[in-house]
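> Residue numbers (the working numbering): 7 to 139.
Among the hints, erroneous ones may be present.
[Claimed, not checked] Simulated DEER-style distance windows between Cβ atoms: (1) Arg60 x Pro17: 19 to 27 angstroms; (2) Ile128 x Asn16: 38 to 46 angstroms; (3) Gly129 x Thr45: 30 to 38 angstroms; (4) Ile128 x Phe26: 32 to 40 angstroms; (5) Arg92 x Glu21: 18 to 26 angstroms; (6) Ile104 x Arg60: 14 to 22 angstroms; (7) Thr65 x Glu18: 31 to 39 angstroms; (8) Gln76 x Glu18: 19 to 27 angstroms; (9) Lys29 x Ser85: 28 to 36 angstroms; (10) Arg27 x Leu78: 15 to 23 angstroms; (11) Gly110 x Ser64: 34 to 42 angstroms; (12) Arg27 x Leu134: 32 to 40 angstroms; (13) Phe124 x Gly66: 20 to 28 angstroms.
Since the hints were derived computationally from the structure, they do not count as laboratory data. The beta carbon of each residue, even a glycine, is placed where N, CA and C say it ideally should be.
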Amino acid sequence: MAPFQSPSPNPEIQEHGQVFRPKFDASGLLTAVAVRADTQEILMVAHMDAVALRETLSTGYAHYFSRSRQTLWKKGETSGQLQHVREILVDCDQDALILRVDVGGDGGACHTGARNCFFRTIGRDGALHNREP
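Build out the structure end to end from the sequences listed, making use of the hints.
Encoded structure:
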């Protein structure tokens, strides 16, 4: 049995009820933001389909759906940067999640080797600038 139910068309039930009813988009995905549990540092934004969400809930480790590869992936399976999920926050209409995680390996999260995926800022001129470590 699924650990969650289908979304309710009733906004009162969807937004204030006590049952988890994820609202997947037209592609069958939810937005998921991974945040370090200890520092609240934003690590990455990814997507989850129903399978990734079920795997995350059942194993306690973050699983995502890769839009580019069209496949399920367990974060850190090859890099060692496993994300142990401490808590999952769900937004009001249940279409986005925040995963509060402890990170294994070197503590990083970005495939580029950066500590997190948000290592650049956009200047007023539109140019990208690396953030200070």
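> Compare the structure with each hint and give your call.
Hint-by-hint comparison with the structure:
1. Arg60 x Pro17: 19 to 27 angstroms: Given a distance of about 25 angstroms, which is inside 19 to 27 angstroms, the answer is holds.
2. Ile128 x Asn16: 38 to 46 angstroms: Since Ile128 and Asn16 have Cβ atoms about 40 angstroms apart, the given range 38 to 46 angstroms holds.
3. Gly129 x Thr45: 30 to 38 angstroms: At roughly 26 angstroms between Cβ atoms, Thr45 and Gly129 fall outside 30 to 38 angstroms, so the hint is violated.
4. Ile128 x Phe26: 32 to 40 angstroms: Holds, at about 35 angstroms.
5. Arg92 x Glu21: 18 to 26 angstroms: 25 angstroms, holds
6. Ile104 x Arg60: 14 to 22 angstroms: 18 angstroms, holds
7. Thr65 x Glu18: 31 to 39 angstroms: 33 angstroms, holds
8. Gln76 x Glu18: 19 to 27 angstroms: Taking Cβ atoms as reference, Gln76 and Glu18 lie about 36 angstroms apart, which means the hint is violated.
9. Lys29 x Ser85: 28 to 36 angstroms: 30 angstroms, holds
10. Arg27 x Leu78: 15 to 23 angstroms: 22 angstroms, holds
11. Gly110 x Ser64: 34 to 42 angstroms: 18 angstroms, violated
12. Arg27 x Leu134: 32 to 40 angstroms: Holds: the Cβ-Cβ distance is about 38 angstroms, inside 32 to 40 angstroms.
13. Phe124 x Gly66: 20 to 28 angstroms: The hint (20 to 28 angstroms, Cβ to Cβ) holds, given that Phe124 and Gly66 are roughly 25 angstroms apart.
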